[in-house]
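The residues making up each chain are set out below.
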Amino acid sequence: MSLPTTSPTHSAELPPPSRQRHDPPFRVRISRLSRLDTKGSPYLYIAPFFIVFGIFGLYPLVRTAWVALHHWEVGADEHPFVGLDNFSKILSDSYFWNAVLNTIGIFVISTVPQLLLALVLANALNRRMRGRTLMRMGVLIPNITSVAAVAIVFSQLYSRDFGLINWVLHFFGVEPFEWQAYKWSSWIAISTMVDWRWIGYNALIYLAAMQSIPRDIYESAALDGASPRRQFWSLTVPMLKPTIIFTVIISTIGGLQLYAEPLLFNSGANAFLGGTLRQSQTVTMYLMEQFYGKFQYGDMATVAWLLFVLILIFSAVNYLITSRLESSGKRGGSK
Amino acid sequence: MTTVSVRQPMHRPAEEPPRRRRGRDLFQATPLTFVMLLITVVLSIFPLYYMIVVATRTNDAVATTPPKLTPGGNLGDNIGRLLSNENAAFMTGLVNSAVISLTLTVSVVFLSTLAGFAFAKLRFRGRNQLMLAILVTMMVPAQLGVVPLYMMMADLEWANHLPSVIVPFLVNGFGVFMMRQYVSQSVPDELIEAARVDGCNTFRIYWSVVLPALRPAIAVLALFTFMAQWNEFFWASLAMGDPSNPTVQISLQHLSNGYYNDYTQVFAGTLLSILPLLAVFILFGRQIIGGIMEGALKA
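Residue numbers (the numbering used here), protein chains in the order written: chain A, 1 to 335; chain B, 336 to 634.
Simulated from the structure, these hints should not be mistaken for lab results.
Cβ coordinates follow ideal geometry from the N, Cα and C atoms, glycine included.
A portion of the hints provided could be inaccurate.
To be verified - Derived CB-CB ranges, DEER-like:
id : chain 1 : residue 1 : chain 2 : residue 2 : range
1  : A       : Val82     : B       : Met426    : 40 to 48 Å
2  : A       : Tyr292    : B       : Leu491    : 15 to 23 Å
3  : A       : Ala65     : B       : Leu378    : 41 to 49 Å
4  : A       : Asp224    : B       : Thr405    : 51 to 59 Å
5  : B       : Pro551    : A       : Asp93     : 45 to 53 Å
6  : A       : Asp85     : B       : Val377    : 49 to 57 Å
7  : A       : Asp224    : B       : Phe445    : 51 to 59 Å
8  : B       : Thr400    : A       : Arg132    : 33 to 41 Å
9  : B       : Gln464    : A       : Val317    : 25 to 33 Å
10 : A       : Tyr292    : B       : Asp524    : 50 to 58 Å
11 : A       : Gly40     : B       : Leu491    : 28 to 36 Å
12 : B       : Met426    : A       : Pro228    : 49 to 57 Å
13 : A       : Glu219    : B       : Val377    : 27 to 35 Å
Said to hold, decoys possible - Facing chain A, from chain B, some residues (calculated, C-beta under 7 Å):
id : residue
14 : Phe369
15 : Ala450
16 : Gly480
17 : Leu587
18 : Asn592
What the hints assert, rightly or not - Residues of chain B clear of chain A, computed beta-carbon distances all greater than 10 Å:
id : residue
19 : Pro406
20 : Gly407
21 : Leu418
22 : Val441
23 : Asn463
24 : Leu470
25 : Val522
26 : Pro547
27 : Pro551
28 : Asp577
Please take these sequences and the hints and turn them into a complete structure.
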């Protein structure tokens, strides 16, 4: 890397570019062209990212704020400035709060079991056994499947008359019912789709972190008489703290933007309403409702901002909760 | 080093065997764990198996109680109905998704390695600040800018055409960051200096020295990009919402909205739509798992 600074003196004495590149005296042959190369090419190489991001990332981001402050209808010639009117309109819309409730409800009943089961699964995958690679591939298969396919298959599994789940439940005396019809049942159905797809993926992330825990810790814990269950809760879980926080934040960002699963769970042209009584309309579906049903760019941008704020709040809250839980777990372990 | 290697063989026979056996017991799966894992794998695969069952049956056979649990022989007919269904444009969807995913895989890999190489090995003013800026861009959810982005696509008359789902995603912060990490770990500075001394210009160094060293990382980034793009739903539902020119996911959405009484046709579509993903997974499953696990350690 120090070559370019010493080069100018050499290049003055040397003949213009020749093909003797392997000859030692000529090796530091830095012409004006190659100085342009070393100075300019780094910017050239990173430019594509900044151009693409600037036009299609940063500019829309800034403009979202602008559009949200206007009454902006699709196709209209004029978009009058309305200040924060869009915000007060959306915030006083009970359908918006219903969507917020659904989003948070589905997020909680999907994410908590999802991450707990992923932890248990990772602990099992961390054992020595036959066909370990096949097991890992097996639990990851749901994650590589496309979300639309998952939602369609699960919607059929949950269908009222010929769905497998109602059929299994009838052995337990449960009458066949429409899972889409109630808030609680559609939340559960959607959560199982999300969990089926993401448990294995999170388990692999936990597994990676578990493998980096030194094994002699477990050996000495076993010598001290700690049961496998005790080892799991008092050693493994506390040591995975950073990884758990990471997955909680990632799940929060993804979970609050939930869209395809509830959309495809509800069939028909008005699927984005999330059912006749909006049992399972999430915030992103509500955002799209402002487009399909009403053609209001201004309202869409407003909802996008509110969703962003929601994600920020929940990421912060979940970060705090996870840090608390973990440290109390550690304290329990040291007793 | 020599003392250690001399000492170890002398001490090991006495101390290690019992210790090792204990370690094996501790980390050996119990039969219960093994059975639980098998059940998990079965549950993971069952919905896909059921997809095959429905896709190969007739609608009458699916609408029975108890439900059928074995594949039938009606796959050809179901696929035939699917491909001749003009409202779903499924074939167009498959071709569009293939074009989008392959184009973006090549472009993301090329532009990310190029930028990652610059950030890891080249000196230029503002390098650290610009890298930090890229990290910040990764924190902002894509949904925030979606409305103006769609307005832009409408103005450019790209909406419902392939550029709307390709051009904005030619390169992303995740790819650049990942490649920067790999380049700084796996390409020694000496190698680059040697190439420069040999008269390579910067692009030549990238092409002949850096790219070959990055092969494993490129495989992982390419696989993730391909799968993510094949599965992309939210933006495509907006930008490619026209039923006559959909991506494969949007075609599935139209199918499931309009033909929910014809389950077998819809399921034939879901089956075809995941075949490329299954092929990729069977061929490169190990690399995908390795990529997820290594990424987890870096995060």
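Tested hints:
1. At about 45 Å, the beta-carbon gap between valine 82(A) and methionine 426(B) stays in the expected band of 40 to 48 Å.
2. Hint check: tyrosine 292(A) to leucine 491(B), Cβ distance near 21 Å, so the stated range 15 to 23 Å holds.
3. The supplied range of 41 to 49 Å is met by alanine 65(A) and leucine 378(B), whose beta-carbon atoms lie about 45 Å from each other.
4. A beta carbon spacing of about 52 Å between aspartate 224(A) and threonine 405(B) agrees with the range 51 to 59 Å that was offered as a hint.
5. Range check, proline 551(B) to aspartate 93(A): about 51 Å between beta-carbon atoms, so the 45 to 53 Å window is met.
6. Checked against the hint of 49 to 57 Å, the pair aspartate 85(A) and valine 377(B) passes, with Cβ atoms roughly 55 Å apart.
7. Our hint of 51 to 59 Å for aspartate 224(A) and phenylalanine 445(B) holds, since their Cβ atoms are close to 54 Å apart.
8. For threonine 400(B) and arginine 132(A), the hinted distance range of 33 to 41 Å is satisfied, since their beta carbons lie about 39 Å from each other.
9. Checked against the given bound of 25 to 33 Å, the beta carbons of glutamine 464(B) and valine 317(A), roughly 31 Å apart, stay inside it.
10. Separated by about 55 Å at the C-beta atoms, tyrosine 292(A) and aspartate 524(B) satisfy the suggested range of 50 to 58 Å.
11. Separated by about 30 Å at the C-beta atoms, glycine 40(A) and leucine 491(B) satisfy the suggested range of 28 to 36 Å.
12. For methionine 426(B) and proline 228(A), the Cβ-Cβ distance of about 53 Å falls inside the hinted range of 49 to 57 Å, so the restraint holds.
13. Between glutamate 219(A) and valine 377(B) the C-beta distance comes to about 33 Å, which sits within the given range of 27 to 35 Å.
14. Hint status for phenylalanine 369(B) relative to chain A: holds, with the closest Cβ pair at about 6 Å, below 7 Å.
15. The interface hint given for alanine 450(B) holds, since its Cβ lies 5 Å from the closest Cβ of chain A, which is under the 7 Å cut-off.
16. Annotation: interface hint on glycine 480(B) holds; nearest CB of chain A at approximately 3 Å, less than 7 Å.
17. Look at leucine 587(B): its Cβ gets to within about 4 Å of chain A, closer than 7 Å, so that hint holds up.
18. The beta carbon of asparagine 592(B) comes within 6 Å of a beta carbon in chain A, closer than 7 Å, and the hint placing it at the interface holds.
19. The beta carbon of proline 406(B) sits about 15 Å from the closest Cβ of chain A, which is more than 10 Å, so the claim that it is off the interface holds.
20. Listed as a non-interface residue, glycine 407(B) keeps its Cβ farther than 10 Å from every Cβ of chain A; the least gap is roughly 15 Å.
21. The beta carbon of leucine 418(B) is kept farther than 10 Å from every beta carbon of chain A, the shortest such distance being approximately 17 Å.
22. Here valine 441(B) stays apart from chain A, with its beta-carbon at least about 13 Å from theirs, past the 10 Å limit.
23. No beta-carbon of chain A comes within 10 Å of the beta-carbon of asparagine 463(B); the shortest separation is about 12 Å.
24. Chain A leaves leucine 470(B) outside its interface by the beta-carbon criterion, the shortest separation being 12 Å against a cut-off of 10 Å.
25. For valine 522(B), the condition that its CB be more than 10 Å from all CB atoms of chain A holds, with the nearest at approximately 13 Å.
26. Distance check on proline 547(B): its Cβ is at least 17 Å (rounded) from any Cβ of chain A, clearing the 10 Å threshold; non-interface status holds.
27. Listed as outside the interface, proline 551(B) is consistent with that label: its C-beta sits roughly 16 Å from the nearest C-beta of chain A, beyond the 10 Å cut-off.
28. Its beta-carbon lying about 13 Å from the closest one in chain A, aspartate 577(B) satisfies the requirement of being farther than 10 Å from that chain.
Of the numbered hints listed earlier, not one is contradicted by the structure.
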